[in-house]
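S.K.: For this one, chain A is given, so just place chain B on it according to the hints.
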Amino acid sequence: MASIHLQNIEKRYGGFVGVQNMSLEIADEEFLVLLGPSGCGKTTTMRMIAGLELPTDGKIVIGGEEMTEIDARDRDVAMVFQGYALYPNMSIYENIRFPLRMRGIPASEHDARIRQAADMVELGGFLDRKPGALSGGQRQRAALARAVVRQPQVFLMDEPLSNLDAKLRQSMRVQIKHMQRQLKVTTVYVTHDQIEAMTLADRIVIMNKGAIQQVGTPDQIYSDPANTFVAGFIGSPPMNLIEGTAQNGRFVAPGVSAPCPDYVRGKVTLGVRPEDCHVGGDDLQGMVYGVEPTGDTTYLTVLAGTKKIEVKAAREYLSDIDVPVGITFDPAHLYFFGEDGQRIRGTA
Amino acid sequence: MAKPRKSRGESLLLRYLVLGGWALVCLLPILWFLSIGFRPRTEVITPHPIYWPTFSLDAWHLLMSDWPIALYLRNSVIAVAGSVVIDLLLAIPAAYALARYEFKGREDIGFYILSTRMMAPAIVAVPIFFLFKTLGLLDSVWALMLIYAAINLSLVTWIIRSYMLDIPKELEDAARTDGAGDLTILREIIVPACLPGIITAAVIAAIFAINEFLFTLLIASTSNAYTMSVALANFTGGSDGIIYNAIALVSFIAFVPILILVILIQKHLSRGLTMGAVKG
Numbered sequence: 001m002a003s004i005h006l007q008n009i010e011k012r013y014g015g016f017v018g019v020q021n022m023s024l025e026i027a028d029e030e031f032l033v034l035l036g037p038s039g040c041g042k043t044t045t046m047r048m049i050a051g052l053e054l055p056t057d058g059k060i061v062i063g064g065e066e067m068t069e070i071d072a073r074d075r076d077v078a079m080v081f082q083g084y085a086l087y088p089n090m091s092i093y094e095n096i097r098f099p100l101r102m103r104g105i106p107a108s109e110h111d112a113r114i115r116q117a118a119d120m121v122e123l124g125g126f127l128d129r130k131p132g133a134l135s136g137g138q139r140q141r142a143a144l145a146r147a148v149v150r151q152p153q154v155f156l157m158d159e160p161l162s163n164l165d166a167k168l169r170q171s172m173r174v175q176i177k178h179m180q181r182q183l184k185v186t187t188v189y190v191t192h193d194q195i196e197a198m199t200l201a202d203r204i205v206i207m208n209k210g211a212i213q214q215v216g217t218p219d220q221i222y223s224d225p226a227n228t229f230v231a232g233f234i235g236s237p238p239m240n241l242i243e244g245t246a247q248n249g250r251f252v253a254p255g256v257s258a259p260c261p262d263y264v265r266g267k268v269t270l271g272v273r274p275e276d277c278h279v280g281g282d283d284l285q286g287m288v289y290g291v292e293p294t295g296d297t298t299y300l301t302v303l304a305g306t307k308k309i310e311v312k313a314a315r316e317y318l319s320d321i322d323v324p325v326g327i328t329f330d331p332a333h334l335y336f337f338g339e340d341g342q343r344i345r346g347t348a
Numbered sequence: 001m002a003k004p005r006k007s008r009g010e011s012l013l014l015r016y017l018v019l020g021g022w023a024l025v026c027l028l029p030i031l032w033f034l035s036i037g038f039r040p041r042t043e044v045i046t047p048h049p050i051y052w053p054t055f056s057l058d059a060w061h062l063l064m065s066d067w068p069i070a071l072y073l074r075n076s077v078i079a080v081a082g083s084v085v086i087d088l089l090l091a092i093p094a095a096y097a098l099a100r101y102e103f104k105g106r107e108d109i110g111f112y113i114l115s116t117r118m119m120a121p122a123i124v125a126v127p128i129f130f131l132f133k134t135l136g137l138l139d140s141v142w143a144l145m146l147i148y149a150a151i152n153l154s155l156v157t158w159i160i161r162s163y164m165l166d167i168p169k170e171l172e173d174a175a176r177t178d179g180a181g182d183l184t185i186l187r188e189i190i191v192p193a194c195l196p197g198i199i200t201a202a203v204i205a206a207i208f209a210i211n212e213f214l215f216t217l218l219i220a221s222t223s224n225a226y227t228m229s230v231a232l233a234n235f236t237g238g239s240d241g242i243i244y245n246a247i248a249l250v251s252f253i254a255f256v257p258i259l260i261l262v263i264l265i266q267k268h269l270s271r272g273l274t275m276g277a278v279k280g
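Residue numbers (this note's numbering), protein chains in the order written: chain A, 1 to 348; chain B, 1 to 280.
Looking at chain B on its own, in the form it has when it is part of the complex:
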């Protein structure tokens, strides 16, 4: 080595400074939202910046009295959770078949499933609107559930498949000689062994579903089916003008569940999002 290594303490301090600085930059918009959400309306738009705003729960009270947030949250939870359940029920067997069974056209089918993700959603927006109109499912959370499930199915299948490919084939051989059939192997060996992958896929699907906007806007027309994402976009704070501090607070509330989900799976998140990069 030509250069002597820096002492451990010194490089550690530098590391924390750089990472801490970057974290602050990333967090700034969120802190800004919080600061706007908890200040009085009069301090939101001012000619001069206010560095130490007054703490106020005005926006919070306005939301609680005037905006059916519980309803929107309920819609979001039903549609998102339902779509994730549908995705898992369909994707786990599909992923297993794609990962393990040998059949003609396996790669093609795998790619076809993935390719459904490549199309611009706007292309199918109008047909989907008429489809659900015919089914009588407009303005319903059930429709949203189906749409979210359809949107995420390919992604969920591929993430789970990539995890299944990592399970040693020996495990299945062992189970087969032990007397297990395909479904038993899937249920008792494969699913538990790739549980981290299944959870990752479910959370990623949930995040995409929570953020879904285009189809939700198309299908939902009243608070019957409004989810957080669309309700948020429609929210101006009521009849007396645009109330920015309430909007900021709502945005923050909408962001919390996603934050929680990301924290839950952060260890697996990069693997899930780069799936198929190495194998498959």
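Chain A on its own, in the form it takes in the complex:
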């Protein structure tokens, strides 16, 4: 069990900056998710925590001990990889046993611990199979068992679910979260899937281009985005971002005229989530572009000027395309971002 401190770590490859000046405190027993598009530096950050890559600058402290230069094999960190990385020539039993052998844990304890770990991921019946004889979900569970078997201080998971189909992903997600709560091991989880991030995390770190965009609980990230990147990345469908101008308490853009706070002025971007848009009214006037029923709700796409706006409508909503439609925004849930993309907040 350990906390992790990243102090101003930086990773450069020649002229390219993979991770820039990143500082982060991860509490003991916390489930932290690094979220961002591919190439944003999240995996590099994780690999530096694992010791598979050395930071160009900065310090990494795990469990109170400085680990910056310590080899991966000497950090008490277990990692689960995107491609499972099971050893193909060994049975599942031997795969799970490998870290125990490497860490010099007495052989008499092996069997009990392997079976306990396998039972935890419901893989007890497959121990004598080779990885090649297992399905994707079973392989990923085997990889999890191999990570938990030696009770490490830290779990690192690098997109562990991205090779699984949607249904399996959902059930594995719950299993991972349950296991993490049960074992109370500090966990860093990398993903580009915002649903995974929202459902799993105690806190989410959103990264882009090697830098942290925002750190917060899923609720803070969702309801209080710091900039347009975070706003556009989180939510499914994501937040509508409409560029326009604001003056005298009104925000104006093609097809849009909505009230806005007085302190918002000049060229700004309005952010509004699909669920905070309601059919009817005249904050936004446009044409119906498409209607997508999903069963429990219906998404309506409205074309205002050249901009497409997503609206979460009632489930029974129906409309032909190219029909005029008016939309009201929920005034309590409007977000305004300045030209630099940063959120404009009232002077409190």
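Hints were generated in silico from the structure; no laboratory data involved. As the structure is a computational prediction, the values presented were derived from the model and not from experiment. Please note: incorrect hints may appear among the correct ones.
Claimed, not checked - Computed footprint of chain B on chain A, listed as stretches where at least three residues anywhere in the stretch have a Cβ under 8 Å from a Cβ of chain B:
| no. | segment |
| --- | --- |
| 1 | 93-107 |
| 2 | 208-214 |
To be verified - Derived lysine-lysine pairs resembling PhoX-like cross-links, with alpha carbons at most 25 Å apart:
| no. | chain 1 | residue 1 | chain 2 | residue 2 |
| --- | --- | --- | --- | --- |
| 3 | A | Lys312 | A | Lys167 |
| 4 | B | Lys169 | B | Lys104 |
| 5 | A | Lys167 | A | Lys209 |
| 6 | A | Lys130 | B | Lys267 |
| 7 | B | Lys104 | A | Lys130 |
Virtual Cβ for every residue (Gly too), placed ideally from N, Cα, C.
M.R.: Coordinates of chain B only, in the frame set by chain A:
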């Protein structure tokens, strides 16, 4: 599609005819050897072709009584097997370093290793003769073992390296976070994972070593070190002239081990021989 596809049965038959015909063409010399090897000496050289020769074990008996075939085979096996073991011991760590470690001049060293294969062997024949003479290793299977190992080392290294490059890096990362060091990773993860490549490389090296002629002729001067390849070339059938049916039989015997090796690895053979064509 403009043309309708031919029925499956028809195209299958055609395929077998073409492949079968080609196989027969390829096999013909070998069948011819067998046919000469098992006919009496009087039926080997005749003014008219004999289509149905008499079966005879004359040549076989002559070989068994007059020619130390077991000795030659033993020499071949020791020299070839030893050279393959030496090659693997040196090539596996070298290939791993070339495939995975990042160091300055890695590509150059890789190419240098391969380039030793590009030189005409005759260029070093004389220096090698004097080298082994000084070492007192002339006419010895140990010398042959070393020479075969040296000849094939570059090839073995490159074949194994190409297989190692295909092993996902994640496997090593996983082993490292699991607590394994470099040698453990090599022994427990990498070698088992590229075992097909290692076997392929070993068999290809063995085939080249079995067929090696120039240096064997140079080093071996008596049956102490004669291997099958040189013994075969020196063999005329004894004191009473050239005995063609015995020569044919010996050639066939020399060919059998190679045939077995090729059958063992035929699945991997083309990959092994075209290694480096796609990557590396």
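S.K.: Which numbered conditions among the earlier hints are violated in the structure presented, ordered from lowest to highest?
M.R.: Violated hints (numbers, rising): 2, 5 and 7; every other hint is consistent with the structure.
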